[in-house]
Amino acid sequence: MTIAFKPDETYRDDFTFRNSPAAIRRFPFPFGEDVYRYAVNIEPHVRGGPTAAYDNLFDIDEHYIAECRERALVLAHDPKRCQALPHMMAAQWDTLELLMENLSTDYPEHFSLVRDGYAWHWTNRALGIEQHFVFGDAGTLPCEPLEYIGRQMQGDLTLQDQREDNLFMDAGMVTCQADWSLEFDLGMKFHEWHGPVPLAHEQGVFDRALKFLLNLQLGRPVRRLNWTMTINPRMDTSPEQYPQWGPDRTTITPENVGSRVHLRVELQSLFRLPRSNAILFGIRCYLISLEELATIPKWSRRLHRVLQTLPPELVEYKGLSRFRDTAIAWLAQRDDGAPTSVGTAPD
Amino acid sequence: MTTSAIKSRPIYGSLVPDPTGRHHVVVGEGPGTAPVMRLLAAPGFPEHPRHVLVAPEPASGPAGLAALSACGVAEIVPDGPSLLRRLDALLDGCRMGTRLYAAGSESFLGAVVKIAAEHGLLDDECRTEHAGSTARRVHCTHCRQVNEHVTTNLVACAGCGRTLFVRDHYSRRLAAFMGVQADAEQPGATPALQEVFP
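The listed protein sequences derive, respectively, from chains E and F. Those letters in the first sequence? Residues 0 to 346, per numbering that gives the first Met the number 0, in order. Those letters in the second sequence? Residues 0 to 197, per numbering that gives the first Met the number 0, in order.
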């Protein structure tokens, strides 16, 4: 099926990004019940789930072309959003292979990969890219493999080296993150890069998650959802750019909250890589305005109830303090108190 | 000793001899001189092969320097930065079984561990002991300037001039804490200035 891309959307300045009704229905809504509860919530990353966003291991949607352009703008301004330590080259090639195989298999109208031994021919019709290269020879690509394929993906990618019974974030392409910095976190161990997260350390969440991930098996990827809220459909909410997006948080009024406050969901996936034994972490970001969300009454009812029960530490950590009450008041007008159905799928 | 709830910050210990080492490199800066002298006198710490580098406090005087020589300090350098350059050169020739011991301010320890990692030493081949000031090195996330010797919760960045809030998040690779603009959301609305890392 050919995806109808919306190539002219923007994630900055005039913010013309919008979700079509079909994109709304496929949104990976994160809340399975009416109260907030912290959980590791890792499940097998198998094809198929509550919405079409789960149909493929790497999801491409109507925003693909616009999001790749946004990524290029971020990289042009700050090349350090893509970095890899020297020992990560094998993991970079593993990543390129995994992504090209999946995209060409799942979206043959838009991508194709032809292999003759190490001589590979990649075509990305959506972005108008055609590349002959030698797999394993970085000199035959215009840039290193992670950057090459990362520029053609929606969502951020990080590569974790596994050694000393730990995971080290030793490479990444990170341009649409929720307030964390690759430049700062590069080279860190698992508990170090999760250092700023409140509450979860004390609950043993990261001890259990690390133990689980060290045993991640090839061909058996896993996923989880994470979320926060962002003002305007802005992809780049990095600490580096905080002076640009921080002021947005003070601009929310009862009149504009529905169109400007967005639920930001990350569909996070983890893959063991075959040659390097590293782990690929995909962070696929989805944005939806409260107005768009409210076209699915179950979701606006539930978001209202979740926001009311969010612990204060998380309100602060997620940066919601300045506009949470305004958002709750707007959502309250759309919550008739009716029960919601089980699970995250739209009614 | 500095301990804290900051998950990304190293945990510093107390310098004791590592009997599994085959070559010992010892470095101390300022108040770190005392832990170095204690280590050198510890039972079981081999006289050889070892290399000891110290940048003592400027006020040490001739008697202090004589005491350092008497307990086996091979090299005395004028300050931390020259010590780090010397250490970098020294570790160029380091072999399997090298153990590194460092004592001093947190900024100094961070820089030493960073150099050690660049020379391939593993975490458990380095021993660190914190001594003296808890002042932080602060990396500006906006312009990447490193601000040395920050003792307050806020610092005016020497690179971009923004008022940075010092986050409790530490990078070993950069040997620095994270600094992020304090008043980005509301210009001028910064928390009260406090001396928190004396």
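Note that these hints are calculated values from the structure, not bench results. Treat the hints with care, as some may be off.
[Claimed, not checked] Using C-beta positions, here's what the derived DEER-type ranges look like:
1) F/Ala88 with E/His86: 49 to 55 Å
2) F/Thr150 with E/Val204: 31 to 37 Å
3) E/Tyr37 with F/Ala88: 26 to 32 Å
4) E/Arg274 with F/Arg143: 53 to 59 Å
[Stated by the list, open to error] Calculated pairs, DSSO-like style, for lysine-lysine (alpha carbon to alpha carbon, straight line, at most 30 Å):
5) E/Lys188 with E/Lys210
6) F/Lys113 with F/Lys6
7) E/Lys188 with F/Lys6
8) E/Lys210 with F/Lys113
9) E/Lys79 with F/Lys6
10) F/Lys6 with E/Lys5
The beta carbon of each residue, even a glycine, is placed where N, CA and C say it ideally should be.
Cross-check of the supplied hints:
no., hint, verdict
1, F/Ala88 with E/His86: 49 to 55 Å, "violated, 24 Å"
2, F/Thr150 with E/Val204: 31 to 37 Å, "holds, 34 Å"
3, E/Tyr37 with F/Ala88: 26 to 32 Å, "violated, 49 Å"
4, E/Arg274 with F/Arg143: 53 to 59 Å, "violated, 33 Å"
5, E/Lys188 with E/Lys210, "holds, 13 Å"
6, F/Lys113 with F/Lys6, "holds, 18 Å"
7, E/Lys188 with F/Lys6, "holds, 10 Å"
8, E/Lys210 with F/Lys113, "holds, 27 Å"
9, E/Lys79 with F/Lys6, "holds, 24 Å"
10, F/Lys6 with E/Lys5, "violated, 42 Å"
Hints 1, 3, 4 and 10 from the list above are not met by this structure, while the remaining hints are.
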